[in-house]
Structure formats: structure tokens, C-alpha cells
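Chains as they are written, first to last, in our numbering: chain A, 10 to 320; chain B, 10 to 320; chain C, 10 to 320; chain D, 10 to 320.
Check the hints yourself; a few may be wrong.
Claimed, not checked - One-sided and incomplete, this derived list gives chain A residues near chain B with beta-carbon spacing under 7 Å:
{"id": "1", "residue": "ARG181"}
{"id": "2", "residue": "ALA188"}
{"id": "3", "residue": "VAL229"}
{"id": "4", "residue": "SER233"}
{"id": "5", "residue": "LYS235"}
{"id": "6", "residue": "HIS297"}
{"id": "7", "residue": "GLY299"}
Because the hints were derived from the structure by calculation, they are not lab data. If you're wondering where the values come from, they're calculated on a predicted model, not measured in any experiment. Every residue gets a Cβ at the ideal spot worked out from N, C-alpha and C, and that includes glycine.
Number of protein chains: 4
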Amino acid sequence: MATPPEFPSETATVLDEVVERVRPTAERGEVATYIPTLAGIDPGHFALSVSALDGSTHACGDADVLFSVQSITKIFALTLAVQVTEDHLWERVGREPSGDPFNSLVQLEHERGIPRNPMINSGAIVVADILLDKCDDARATLLELMSELSGAEVGIDEEVLRSESETGTRNRALANLMASFGNLHHPVEQVLGNYFHQSSIMMTARQLSRAIGFLANDGVDPASGKRVLSASGARRVTAVMLTCGTYDAAGEFAFSVGLPCKSGVGGGIVAVVPDQMGICVWSPPLDHAGNSLAGRKALEQLTTELELSIF
Amino acid sequence: MATPPEFPSETATVLDEVVERVRPTAERGEVATYIPTLAGIDPGHFALSVSALDGSTHACGDADVLFSVQSITKIFALTLAVQVTEDHLWERVGREPSGDPFNSLVQLEHERGIPRNPMINSGAIVVADILLDKCDDARATLLELMSELSGAEVGIDEEVLRSESETGTRNRALANLMASFGNLHHPVEQVLGNYFHQSSIMMTARQLSRAIGFLANDGVDPASGKRVLSASGARRVTAVMLTCGTYDAAGEFAFSVGLPCKSGVGGGIVAVVPDQMGICVWSPPLDHAGNSLAGRKALEQLTTELELSIF
Amino acid sequence: MATPPEFPSETATVLDEVVERVRPTAERGEVATYIPTLAGIDPGHFALSVSALDGSTHACGDADVLFSVQSITKIFALTLAVQVTEDHLWERVGREPSGDPFNSLVQLEHERGIPRNPMINSGAIVVADILLDKCDDARATLLELMSELSGAEVGIDEEVLRSESETGTRNRALANLMASFGNLHHPVEQVLGNYFHQSSIMMTARQLSRAIGFLANDGVDPASGKRVLSASGARRVTAVMLTCGTYDAAGEFAFSVGLPCKSGVGGGIVAVVPDQMGICVWSPPLDHAGNSLAGRKALEQLTTELELSIF
Amino acid sequence: MATPPEFPSETATVLDEVVERVRPTAERGEVATYIPTLAGIDPGHFALSVSALDGSTHACGDADVLFSVQSITKIFALTLAVQVTEDHLWERVGREPSGDPFNSLVQLEHERGIPRNPMINSGAIVVADILLDKCDDARATLLELMSELSGAEVGIDEEVLRSESETGTRNRALANLMASFGNLHHPVEQVLGNYFHQSSIMMTARQLSRAIGFLANDGVDPASGKRVLSASGARRVTAVMLTCGTYDAAGEFAFSVGLPCKSGVGGGIVAVVPDQMGICVWSPPLDHAGNSLAGRKALEQLTTELELSIF
């Protein structure tokens, strides 16, 4: 393997300065507490990793520390579903922002079991159901995809998996409600087992900024040159990230960050800069909408200073 | 045991005439179809049974045919809960009409897992949870109470129980949602097991019109003279029946029937005439609100002709 | 005119004791503040008036002080509408409890401009629209009815009328929303003019306990012997009071008071004891649901002690 | 004035072919019928105009026919509000997709009179209120801005204005509801007068594709070189267009078109291609979400063929 090219030093300097500036704002957020493993995380962790399409990466802080990616997995699960069955997918899950807290049952009941989009829990549960149909071993297939894209052996945190499964009453409510409308094709507990497995995946910021690169590169993994999605498929997944990827703060992110992003309650956020780079920022304390507080600040500042907004 | 007194013959004549008149209207309704056992019921069944407080009963039609009482059990489960723990009960379930279809999750989410009242599914699931705490064997205790009040050995339909449990995704959604708000104290499946057991009870119209008599008699079972609830306790259960007992048609029933009623999707409806009698009518085809169509018509006509309205 | 019979002295004693006991609880409530005239009311006012069907009345406290009856007028407006056009009435307004705060637009939008019942603002605005059609002078006709039933010249408070009209943005929102669904037949401002006029009526507790008597007397005004509504019409209006008369505390009132009641934000509550009496209690401080706090306590205690519950 | 440069001929050919292909799909839509002037429009009109930042324009079909721009004006009104008072603006209107039909009151009530975003009617009414504060003559100032940007004298259709005002009960409901929460600072009818005036503006597709150019050009009007908004202000308005500009089909537009768009019920849609061009398409028949059916098809095809998506 050839030595990767060097990351542009002026850009690296800007990134380092942004990290210095936003890091203290994390104190105003709160780490997720619904499962013990997340509640026990050190709130002082901070990582920023930016991977250019030429393979060069600039990483700051704890960019090599594994963390619970949580909902960020939803992008990769959606990618897999688009690969195997795009048409049927969109009959069973919508593509509109939810306009409601991320785990709301109201809209799901009103819209007869069809989740608003695949970035909220209910939609990702439908995706998990679809993958059970289309993959011999859905859990292994997803881990393989994420390992390949990140260039690392990706695994799960067994303790998070156990906690998710034990405390997942609200996800059980969502899944049973969808089942009552006929929008799950496998037994509820089997689907949830797959979904909880996805939520328990551990990765580093460096791995994620690389893994997300295919969405910035018209669907082709920049590292391997292999096509993951068609160009239009990649654009569509990216569009869904922008309008739906950050719970009910999607409008706010578009407005102030201007990039397609997906966040997780573990404090990670990935962002796509079309034709340029993949970004991952990680800081566990969350704002009231469930997005990493300092992570969002970092993205705001770096898109402004580097003029990365897609608008 | 002494011969029971005779039922007044003029009243009996009115009842027979009402039955003749309303029976054909059943054709405009639809039997419940969500479980096969209910879907397979003969829609032509019709029964009316009226039990005066002196022990006399007038029964018409299929008054000795067992049917699935379904939600009618909710009154007896509530009675048991009021007996054992009235105070804590009303902290965990409300007393207001739901204003929404009977199994809606919207209100439950909005009101943070506290069901509107114990006559809707979510509220009855909380009652089932409470009884698990307060009774050594909640299923047996409830069957004993209902057997004692009806003067018959009351049992369940195993096939209905199995079907309810297999198809109960919506009730699972309700229960898990309440569990996510901390309003269930036992494991979801254990609570649902008790709840589904309640819904599977079989009784006849004659048994039900007698069993409900204590609510018309200030809380004392007219047959045995034993106190079931305090006078005020009985009045409060009756008030909840009136405002909440017929899904989202409670206002309509108060308006057109004028009696506290509780209906079940098996097509049964019980009604209480304070200080006078207990009534049970059974006709499987339901109206759009889930209440027996001809049953409701019968109650409208007999309260009008016999001037039984409480208003 | 013959001297009215004397009110039973033991009942009078019970009433006086109830008043003594509940009066201090008013301190825990808050007077309505949305218009200055109501906000400026002396919170220490308290009145209880009970009128038996034989014409005897027992009045305590400020029973001869005029107060703003506000929503209590809705009963008399509904009575007038039932007189003139019952059938069409129920196509344009429902009979179900609202299950939501009394001025909510949510349900109104969801149900396409058909208000839940005539006891909430939206429903009363539809009634005001209907009366414009059916009466030559809707305002005068309503005042005449209320004057006749109360045996006094009933008028309005011009200052309240002005305030209601100036601050009535929420009622304007309700009326315009219904107009957008085609459920108002006159110009919005004309309908609201009539509605605000109704809300500005002033009466005393003594007048109200008498005026409501026809609902306890099968539709016949006990004082004049004149029929106001058919017996079944009166029962139906009373049923609507029970299920819908106290905003979203109707279940609570049925449970704890056990009588059909209608309250107003001026602090008045009227209650009907079928075949026995009309009751009015007045104490301006309200509970969180918008009902007179001490008034409700008084009704709870007197129905318990005098065993007046309809259940 | 110098001759404008020529529009690239290959691009022009693609545009012409797209128009040919999508034009017939208009038959599957329905023109807006809520006001007579819109209902009477010839559904066969079709226009596409594309203005590059160098001043060259390619126009097809009825690109010089005036039509009712309706909600498209919301972009220019928002631009004016951002110019004069950005900070206070975002305290009174949100930036999130609504997730509900465009004129829903539900969310507005739930969120206490703060509209979700300035692209829906309620949000635009707040903007109209703000402009009354900040401009001596809000109507004239807006017309001036739009005239300047389009290089034409922009005016209104008096008949549309009259119709809007007469039939605007739903907008009156929205405005009164916001007033009840204190989120309008001027009298409701004055604010609505300004809002209805905005909705009555007439423009051509050619004028609109040019007028929208400043949003593709970092806030600078490409024709005059004058700065209309700061670069970041322009990006933010464009972000709001993308997430909120097409009623509750914003996710769908992002997914299938991939450009920030704003539509009006007159059948017009404008789209911004950052750093490249402004687009306007016009075809009166609407899809179920209220967006021009053939207009949307045209945008889908031209972004695909010309690879204009921002993702």
C-alpha cells in the first residue's frame, strides 16, 4: 500500500483551532443517560477527523478511541438496503423530516405504521426488518460493509447490546405498533435483535470519517475504488441525511452547518462534503435535541471558515 | 334457596317487543375480525337479560349462550383494583374520557404513560399490572369474583386467549410505551398475559346482568347480600362507566341511552340502572365505534320506553 | 303570587355547614385573568343557592350579587337551539367529550371544523351561528329565555363584552377555522358578536339555581309550569352537561360530584339534580382545569352528604 | 447596456428536451381551486427559464406570461426580513421543516404560536408583521426589491388580492391564533392585508429565474452587482428553502431534485443552483402536496441530466 498523500497543512491548522475553541462548550451539554454504558462515558472526550478523498486524513484529539456510534449506523444500514432493494424500501418508509422528537409514536400511528424516514428509530427498525429478508446474515453483512469502508475490523459492545435490549421498551412500542399495521415481516423480537445489534457498534472518529467517504465520492469508496452505491443512490442517501439526519434539528443543521450530517446519542456526528471529504466529530455531551453540542459547534465553525456549505 | 320473585310482566312485554324491533338492525353492523374466533361468530345471535335487584330476571333470546365478554371484564378488574388499592390506582390511571379511538397511543405518549381511564386498553393494562401486585393469583382472584357475582363457574376460552396473545401487537405497543414511562411494575409480557386472560373470559347475558347488579345496589351483591364495594366506591365505578365505558361514543351513549354502560368487541354491553337493575344485551355485529349496533339500539329503546335514564 | 313553600331546614343546615367548610379552599385557586373585568373580581365572594322544584330556595353568602356567568350561558343557548332545530344542530356539532383543553384547535382541525360538543367554545360558536338563522333577534331571544327562567331581568356587562371582543383572538381563530371548513353560515364577526354577547351575561347564583330548574323537571319550568323542552330533550341536554360541561374535567366531576354540571370562568357552576333541584355555586378562584375550586369542593361535599349523585 | 452573453447551446438543448418530455405529465395534476382566479387558469401553460450568473438566460414556452407567484414571494419577504432584523426574526419563527400540511394549526398551537419556518403560511404572516415594523411602506419596499432583482416593474393582481382576502378564513385562523400567543405586533387585519398583498404578486418565469440569482451568487445580484444579503445570509435563506420550501414534500424534493426550491400554488417553482444559476418552472396543475406536478418532474430530469444536485 502506497503512503497516503499529506493533508493540506493550512486546513489542518484551521481544524486544530476550531477544536481548541469549541471544546469547552461541551460542558453545557449532557451525556445520554438511558443506558449505563453511555452514562458512564468521560464527557471530556473530543475527537475530530477529516478524510479527504485522496486518502489523506487529519485527526485531532481522541480520534482513535472507540465509541458507541449508535444512530450513525443508520446510514450504513440504509446504504445496504438501497443496494439490495431500493424500490420496495420506499414503500415501507418515507423520506420526509419527522418534525417531532426522534422516537415519537404519534406520527407513526397517524401515518398507519409507515415511518417518516429511515434516520429515526422507527424507520431504522423497518430497514432492519428488510435486511433480515435480503441478507443471509444481516448482522454479519452490515459489519462487513462497515469494516470494509473504514479499513478496520468493526465490532460491537456487548454491554451496550445487553443494555439496549433490556431498556428498549420504547423501541419495542414502536416495533409492535408497526407490526400491528403489518409493516414488519419478521417477528418483532428478531427485528429488534438486529436493530439493537446495529446500535451497539463501536468505531473511532478516524474510522468513521473514512467510512463515510463514499457518500462524498459519488458512491465509490475512495480507498478501494469499489462502487458502494450508484452516483444517484449516493446523492439520495446524502439528501436524506440533510433533511432527516439530526433528529428534529435538521433545519437548524442545514441553516447553521450547511452539510448533510448524521448524529448518534453516543456524541458522534458524521458529515459529508460532496466531492471533497468525510468528517467525523465526537464529543459525548448532547444538546436538548440529542445532538453532540460541541460537535455541532465544531461543524458550524469549520464549514464557515473553510467555506464547505453546500448552499 | 327460595324461589326468586317473578319479573314484572308488563316490563317483560316491553323488553320482548324491543328485542323484536331492534334485532334486524344488527345486519347493518360488522362482527369484530381481528381474531379468528370472534370473526367466526354467528352474527344472528341476540340476547337481552334484565336482572332486578330482588333477584328476578327476564331473559330473551340466546341469554344462556356463552360469549366472549372481552372489555366488559374491565369493570370487574377495576372493581377488584378499587377494593385493594383505590388510592394508588388513580395516580397511575386517569378518570377522563379519552376523546380518541380506544387504542390510541397518541394521548398515552402526550400524557407520559398515564392512560386516560381504566376502561380503555391501556388503562386496563395498568389495572392488570396493579392486580399482579395485590393478588397472590390475579387470574384466579378475578375469576372467583366474577363467578361469585354471576352465580356460575366462569372460565376462559383458550382459543381466544391464544389468538389475543398472538395478534396483540397493538396492546404490546401500548404496554411497552407505558413501561418506557415507568408505569408498569412487572415485566411487560407478564402483565399482558394477565390482561389477555381477562379478555378471554366467557359468560352469558344472564350471568352478566346478574353479576353487574352490585353496581345498581350501592355496592352490595343483591343475590348474596355481600358488600363488594363501598356505596361511594360503586358510584365512582359507575360514573367511570358512563363517561368512559363505550370507547369514543361515551357522549353519544349518555345522550341517547342515558345509562352507565360498558361494551366489549364480542358484541356484549352491560348497563346499570341505579337502585333498579342490571342489564346485559348481546348482538355480535358492531357499529363504527366498536359497540354492538343492535345492542345499543335495544338500550336506547328500553330506556326510553321504561323511563330508565339517570338524567 | 303565593308564598313559596319553606326549604327543608335540615337540608339547609347541611348546606350552610358545607359552605363554612369549603370557603377557605378558594385561596388555593386563581381568578381568571384574560380580561381585566374578571381579573379585578374580589376572590372572596362565595355563594350557594339551591332551588327545589316546589319553588323553595335556600341561598347562602353572596347569592344576590351579579357575576359574569360566562360559559354557563352555553346551556341556555343550547336549549334554544334544541327548541328550534334539534336535527340540523347535531350535524354541525358533536356530543362527545373533548378530551383536550377547552379551546383547543387541534381536534377542530382534525375533525374538519365540526366541534366536539356545544359546551366548548367552538361548539358554542356554531350554536351562536345557528341561532342567528333561527331567531329574528338572537341576542334578545336568549336574554328573554334566561329572564323568564330566572324570574329576573337579565342583562349583560358592557365592559366584559368590550373586553371579550377586543381580546378574543383565540375565539376568532376557532371561528375562522370553522368558517374555512364551511361550518359557519354567517360572517365570522357577526357570529362572534353574538357569542361574545352571550358570554357577557350577568346573573346571581339565586337566579341561576332557579333558571336551571327546568332541566331537573323533565323540561318544564317549575315556576311557571311552562314547557321549555320535551322530557327527552331535557334529558339529552343534561347528559351533554355531564359528559362535556366542565372542560376537560368532566370525568373527574362525574366521579367525584356525580351530577350534570356546567361551569364558567367567572367562577360559577350550575348543577342539576334530576327530579329534585337546581344548584348554583359561585366562587371566583379557579382550579387548573378552569372550574371554580371551592365551588367544586362544595358540590362534592353536598352530593355526598345529601346523597344526590345520579349514580 | 451590453449584450448579455449567449446561453450554452448544449445545455439549452437538454432543457428543451426535458420540457418536451415532462409537459404531458401536467395532465395528471389539478390546478388550485380555492380562489376563482387561480381555478380559471389555463392548465396547459408551461414555462421554463434558466438564468446563468453571467446574465445569459434560456427560456422555453410561456416564459413571458405573467402568473400568480403566490408563496414564491415568501423568499423575497424573508430576504427583506433578514436584511433588516435577522436576530429578532429567528426568535419569532423557527427553521425546522413542518412535517405537516402547509397550513396546519396543530403544530402552531402545540408550539405556542411560533411557526415552524418562514416558508409556511403562518411563518410568512409573522414575517409580514415584522416588515410592517421595519419598513415605512412594507408593500412598496417588497415590490421594489422584487422589481430590482427581476429587472422589471413588478405588480399585483387586484382580483387575486380581493379573492385572497375574502376567502382567507384559514389564514385568519392562523393569524388570530398567533395573536393569541402574542406573536403578532400589529392588528391581525393589517398584517393579513400585507400578507395577502404579497401573495397577489404577478411575475413571469423569466423574471423569477433572474430575480432568484442572488441566492446562487453568494448574496450578490448578478445583474447589478449589488449585495442583497451577506454570503452567509444567502446560504441560510437557501438552506431554509431546501428543508422547508416545498410544503411537506421537502424531503422528497431534496431526494429527487437535490436543489433548494420554493413553490407556489399558482404552479411556479424556483430553484437555486449554487454558483451556477437560478431556475423557474411554471405549470399550473399541482400534485397532492400542492407543488406543480410537471414542474417538479422537469426539475428532477434537468438536475439528473445536467448533474446539478448539490449532494
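Problem set entry | In rising order, the numbers of the hints this structure does not comply with | 3, 4, 5, 6 and 7
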